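**Student:** Input sequences plus hints: build the corresponding full structure.
Residue numbers (numbering that gives the first Met the number 0), protein chains in the order written: chain A, 0 to 617; chain B, 0 to 351; chain C, 0 to 103; chain D, 0 to 205.
Note that these hints are calculated values from the structure, not bench results.
Computed from a prediction, not measured in an experiment: that's the story for all the values here.
Since no wrong hints were added, every one of them can be taken at face value.
Chain C regions said to be covered by chain D (calculated; three or more residues, Cβ under 8 angstroms):
(1) 47–60
(2) 64–76
Below, in silico cross-link-like pairs of lysine-lysine (BS3-like), each with a Cα-Cα straight-line distance of 27 angstroms or less:
(3) Lys490(A) / Lys418(A)
(4) Lys22(D) / Lys599(A)
(5) Lys599(A) / Lys166(D)
(6) Lys54(A) / Lys297(B)
(7) Lys74(B) / Lys530(A)
(8) Lys22(D) / Lys14(C)
(9) Lys418(A) / Lys74(B)
(10) Lys16(C) / Lys96(D)
(11) Lys16(C) / Lys176(D)
(12) Lys176(D) / Lys13(C)
(13) Lys530(A) / Lys73(B)
(14) Lys166(D) / Lys22(D)
(15) Lys599(A) / Lys176(D)
(16) Lys203(D) / Lys46(C)
(17) Lys535(A) / Lys74(B)
(18) Lys74(B) / Lys490(A)
(19) Lys415(A) / Lys73(B)
Here are a few chain C residues that sit away from chain A, every Cβ distance over 10 angstroms (derived from the structure):
(20) Tyr10
(21) Asn11
(22) Arg12
(23) Lys14
(24) Lys16
(25) Lys20
(26) Gln21
(27) Phe26
(28) Leu28
(29) Ile30
(30) Ile35
(31) Ser38
(32) Glu43
(33) Ala80
Cβ coordinates follow ideal geometry from the N, Cα and C atoms, glycine included.
Okay, here's what each chain looks like letter by letter:
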Amino acid sequence: MSTAIAQKQGFGAILWDYLTTVDHKKIAHLYLFGGGFFFIIGGLEAMIIRIQLIKPANDFVSAGFYNELLTMHGTTMIFFAAMPFIFALMNAVVPLQIGARDVAFPFLNALGFWLFLAGGLILNASWLLGGAPDAGWTAYAPLSTTSPGHGVDFYVLGLQISGAGTLIGGINFLVTIVNMRAPGMTYMRMPLFTWTIFVTSALILFAFPALTVGLFLMMFDRLFGSAFFNPDMGGNTIIWEHLFWIFGHPEVYILILPAFGVFSEVIPTFSKKRLFGYTAMVFATVLIGFLGFMVWAHHMFTVGLGPAANAIFAVATMAIAVPTGVKIFNWLFTMWGGSIRVTTAMLWALGFIPTFTLGGMTGVMLASAVADYQYQDSYFVVAHFHYVIVGGVIFGIFASLHYWWPKMFGKMLNEKLGKLTFWTFFIGFHLTFFIQHFLGLMGMPRRTWTYLPGQGLDNGNLISTIGAFLMAFGVIVFFYNVVYTAIKGEKVSNDPWDGRTLEWTIASPPPHYNFKQIPLVRGLDALWVEKMEGNKNLMPSEPLDDIHMPNSSILPFVMSLGLFIASFGFIYQVDDLRWLIVLIGGMLITFGAMFVRSVKDDHGHHIHKEDLEKGDGL
Amino acid sequence: MKGWMGKFRVLFILGSTALVLSGCGLENLTALDPKGYGAQVSLDLIILSIVIMVFVFLVVMVIYTFVFFRFRQKKGQEDVIPKQVEGNKVLEVIWTVIPIILLLILAVPTVTATFDLAEGQPEGSDLLNVNVTGNQYWWNFSYDDLDVQTSQDLYIPTGERVYIDMKSSDVIHSFWLPSISGKMDVNPENENTMFIEAQEEGVYWGKCAELCGPSHSLMDFRVVAVSPDEFDQWVTDMKNVDPEAEPETASAQEGKQLFSDKGCISCHALGSSPTAIGPNLTSFGSRTKFAGILDPTKENLVDWIMDPESIKPGNKMTGNYKEVTEEEASKIADYLLQLEPSEITPEDAESE
Amino acid sequence: MVSNSNSSSEYNRKKNKEEMKQQLITFTLMIVFTLIAFSMVIFEFDKLYVIPVLLILAVVQVIFQLYYFMHMKNKDHEMPAFMFYGGLTVATITILTLSVITWW
Amino acid sequence: MSDHTLNPEKMPHNPEKATLEGKNKFLAFWFFLGGETVLFASLFGTYLALKGSTNGGPAAEEIFELELVFVMTMLLLTSSLTSVYAMYHMKNNNFGKMQLWLGVTVLLGIGFLSFEIYEFTNYITNEDFTFRTSAFGSAFYTLVGFHGGHVTFGLLWIITLMIRNAKRGLNLYNAPKFYIASLYWHFIDVVWVFIFTVVYLMGKVG
Ligand code: HEA
Ligand code: HEA
Ligand code: CUA
Ligand SMILES: [Cu+2]
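**Tutor:** What follows is the structure, encoded as C-alpha cells:
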C-alpha cells in the first residue's frame, strides 16, 4: 500500500520519504541498496586484484595501489557490504517474524543506517583524497600507524562512525526481540532466523566496543602523537592485534549466524518439513556465539604468544566445529523425508552445505596451531575465509534475497535468471578459491602484489582469475534480474512459497503498520500450525484499535551528516588548523540535531481504527 | 539440473589438472615437500587433519546426495505433506559425540607438537644462534657468537637445530621458510625465538609473510644449508675477510672508490661490523639473488644500483645516495660481484 | 496496567523506605571499604596481600552498586543481569589477555 | 499525550517501566552498559599492559597523590547515593525533591570533575607527564580521560533533563529518562571504583 502511494509521488517526495523514514521496512531497503552499492565497489576491487595476479610479475597496478586495493576490498566487503546486507535482512524480517509493528527504537534504527552510510562514504572518499588505507583490513600497527598520507585516518574514522551505527542497531534488535514479541511467541517459538539475529546482536554488543577502543587508540597515535603502538616510546603493537581480534573473531560469527538463520528458514520451507532438532539448533547458535569470544588468538598463533596460549586457543577453536556440525546435520535431516523443491533460494542453500562444510573444515585445519605456522598469512587462509564468507554469508544473502524479495518488494525475482546466477557464481567461486588452498601451501603468502615466475604459482593463479570473472558474470546477471523484476516482475500474494512463519501472513509488501491486529501465536512455525488446522490465518490477539506509529524525522540524517563533515575536519586539522572550523561546524550540526531531538517531545501519531477498517489486508 | 554431479566432476578435473601441471609447487619452496624438522611436524598434522576432514566431508556428502535424490519432490506429489519430525535424540547425540572424538584425535597431537616446536635452547648447549633482523624489505643475519654478519642469504649447517632470535627494526614482518619450518612473526618490540633444522643440504626459499609495505611481496630471502664441515669453513672464511682488500681488475678498483664516494658505504657494511640501514655486502658475489629477488646477473645489479625504486617500490635505498651513471654503476657492480670471500657458496649446497 | 489503589501506594511507600534504608547501609559499607583500601596503601602494608585485598574490596563495592544502587537484585532484572554478565565475561577475558599475553 | 502527567495517587510503583517505551529504554540502557563494560575493560587491559612502559618519564608511584584521589572518590561515591535519593523520590512521585537531589548530584559531579582537571594540569605542568611522554602516559590519560568524559556527558545529560522537565513535573514519558540517567551515573561510579583501585592504589603499591 505504501509503495502504491509512493509510485504516484514524484522523485523528490520519494527521496524525502527515504531520508526521513523510520519505518524498518524502508530502512531495510536503504541498507540493501547501500550494501549492494558497496558490494559492487568491493567486487570491482577484487576483480582488479585478480587481474593483477593473473600472471607472474604483472604490473597492471602498482605495488602501493595494490595494497590499497586489498585493504579496501577486505574492509568494504566485511563492514560495508556483508554487514549492511545483514542489517537489511534484520530490518526486513525480524519485526514481521515476531509479530511486531516496528522495532523498539525506530528513530535509532534510522540513525544506525545513516551512520553506516556516512562511515562507508568517508572510507571510500579516501580514494579521491590522496590515497586509500593500505595496511590491510586488519591494520596492524606499526605499519598502519606509520602509513604516510591520510589513508589510515579514513579507515579509522569510517569504521568508528559506522561502528557506532552498528552498535546502535545491535542494541535495538536485542530490545526488539526481548520486548516486542507477539503474545504467545515464547523464546522457544521464535523462528530460527530471529534467534540468530538475537545472538548476532549480542555479539555486536560485546565485540564492537573492543574495536571502538582499538580505533581510538590508533587515532590518538596517528593524530595526536600518543605512544600506544609506538615501540620507540614503550608502546606495544600486540595490543592492537588483541583488540582487533577480540572484535574480529566474533565479527565473523556476526556475519555467519544470520546466514545460518536464513538457511534454517529456507530449508524447512522448501522441504515442507519443520526444522529438525529446533532446540539443538537454538542451543548450537548460542554456543557458537559464546565460544566465538574464546578463540580470537587463533589469528595470532605465529605472533609468539608462547606454546601454552597457542595450545589453549587451538583447542578452544576446534570446539566450535561441534555446534556447527550439529547445524549441518540438522539441515540435512530437515531435508530427510521431506519434499524438496529446488527453487533458486533452495539452490543457494544446497550449494551452501558442501561449500561451507569445506570452509569450516579448513578452519579446523587452521586451528591446529602447528599446522597453522604453515598456513598463516598464506593463500590457504584466503581460501578458507572466502569459503566461509562467500560460501556461507554471501550464499546466505543470495538465498535470503530470493526468498524474501517478494515480501520486501511485492514481486518475485525471476527464477530462470536466479538459477543462472547461482550456477555461474557457484562454479566461478570454486574455481577461484579451491586452488588457492594449494597456492598457499606451495609458498604463496597473501597480500602479495605480484609473484615471481618459476615458483609453480602461475597456473593456479590463472585459474583463480578465470573463476573470478565467472563470479562477476553471475553478479551482473543478478543485478539484471533485479532491474528486470522491478520493471516486468509480477505481483505476488501474501504467501508465495507456502511459508511457515508470521511474515507470510501479511501482504507483500506489508502495510506500514505491518499487522492490523497483533496475531496470537500458538506454536513454532505459527502460520504452519494454523494451516494444518485448516485456518487461513492467525487469530488476532487484540481487538481492532488505533495503531500508534512513530513520526518520520530528518534528524538521523542530519546527525550523520554532521559527523560526516566533522570527520574531514578531524583528519585534516593535523595539516592545517583551519580545518578545525570544519570539525566544529560538523559537530555543531550533530549536537544541534541531538539537542532538538532531546528537547522536542515526539509522541508519534495514531492510525485510526476507522481508516484501518476501510483499508484491506491482513 | 541433470548436470549437477557433472558440474562437480568438471570442477574436480579442472582442479586436479592444475595440480598435476604444477606438481606440488617448487621444490624447496613448497610446504608439501618438507626438508626440515618444523615443516615435517606441520605436514604430519596437515595430513592427519586432511584425513579427518575428508572422512567428515564424505559422510556429509553421502547423506546429502542421498537425501537430495531420494526426497526431491516428484511430479504429482506437490500436495503431499511430509511427516513433521521434531528431532531424534540418538542421532543428535551421535553427531555431537563423533565430532568430539575426531577433534580430540586432532587436538592431542596439536598440543604436543605446539610444545615440541616451542622448545628452547637447552642450557649450556653450543648450538648455533643467529639474530635475525627484519627490515623493510630485507633481512639481516648476525651470528653474534661467531662475529659474522650476512644479509639475505642465511647459511646454516644441516642436521642440527639453529636457534634464531628475531626482531624487527620497523614494522612487523614474518619469517617463513615453507620447506624447513613454519613461520614466526618478527615484531618490533620483542624478540621471538624459534629453531630451524634442515635435514638436507640445499638452498631454501624464504618469504616475508606479514604485510609490511609496498614491497612486502618482494621481501624474499634464502637459507643455504651446507654440511657442518662446509659451514665451519664458511665461518672461518667470513671471519678472515679483509673488507679493505683491493680488487684485482681496474674497473673493480674504481668501483670500490665509487662505492665510498657515492655514499654507499654509509649504509652498506663490509665485514662483520653491524650496520642497520642497508644489507651487509661482505659476500655479495655469492648471493643467490640480488635484493632478494633479482637473478644474479650484472645487468640486474646495474639496474638496481641505478634505479632501485623501479624494482622494489618503497625501499629505503632510493634517493639516499648520489646520482650514479650507467658507467659508474657498472664499475660498482664489478666491485661488488667480486666480493666472494668464501669458497663455500650456494652452489655447494645445491650440488648435493 | 497496574492497580493503583491507595493502600498499594501506601505499601509501596513503605517498601521504598525499607529499600532506602538498605541503600544507606550499603553506602556506609562502601565508604568504609574505601577507607580501608586507601589506608592499606597509605600505611604501606605488604604488597603481597594488599593487591588481592584491594581487588576484593573493589569487587564487593561494585556488587553493592550493581545490586543495591542499580537494583539488579530486584526481579524484572533477569535480562539486564544476563547481558551485563555477558559483557563482564568478555571484559574479564579481555583484561586477562591484555595483562598476561602481551609482552612485558 | 498530556494525560501522561498523572496525579500522585495514580502514578505506578515503577514509573520508569510502566510503558512499553519505558521498558524498552530500560532494557536498552542495561544492554548498553554491558557493552560499556567491554569498552572500559579494553581500556583497563591496555593500561595494565602499558603501565610499566614509562619511556624514561615519570612512573605511577612517583606522581599519584592519594589525598586528591581520596577526595575525588568520596565526592563520586556520595553523588551515587544522592542519585539514589533522587530515584527514591521519583518512585514516591515527589518531583521537587527529586530535582533537589539531582541538583546535589550534579554539584558533586562538578566537584569531582574540577579536581580531575586540576590533577591533570598539575601532572602536565609540574611533573612533565603528558599524553605523549610515554606509552604509560598515553594509557593513563586515555583511561582516566574516558571516564572523565563519561562524567561530563552524564552531567550534561542530567542537567538537560532537569531543565527540560523543570516545569512539567514527573510523568510516564520522562520517568524512564530520569531513571536511566541515574543508572548511567551509577555505572560511572562503578568504573571509578576500579580506576581508583587499579590505577591509583595499585599504582602506588607498585
Ligand atoms: C564467516 C566467516 C568465518 C567463519 C564462519 C569462520 C569459521 C571458522 N574459522 Fe575462520 N576466518 C575468517 C572467517 C570465518 N571463519 C576470516 C575472515 C579469517 C581471516 C582473517 C584475516 O586474517 O584477514 C579467518 C581465519 C581463521 C583462522 C586464522 C588463520 C590464520 O590467519 O592463520 C583460523 C584458525 O584457527 C580460523 C578457524 C576457523 C574455524 C575453526 C571456524 C569454525 O567456525 C568452522 C566450523 C565448521 C565446520 C568444522 C564445518 C561443519 C562441521 C561438521 C560437518 C562437523 C564435523 C566436523 C569436524 C569433526 C571437523 N579462521
Ligand atoms: C564479505 C567478504 C568478502 C567477499 C564477498 C569477498 C569476495 C571476493 N574476494 Fe575477497 N577478501 C575479503 C573479504 C571478501 N572477499 C577479505 C576480508 C580479504 C582480506 C583483505 C586483507 O588481506 O586485508 C580478502 C582478500 C581477497 C584476496 C587476497 C588479496 C591478497 O591477499 O593479496 C583475493 C584474491 O583473490 C580476493 C578475491 C575475492 C574475489 C574474487 C571475490 C568475489 O567473490 C567478488 C565477487 C563480486 C564481484 C565480482 C562484483 C561484481 C560486480 C561487478 C563486476 C559490477 C557490475 C556492475 C554493475 C551491475 C553496475 N579477496
Ligand atoms: Cu616484510 Cu612483509
Ligand atoms: Cu577467527
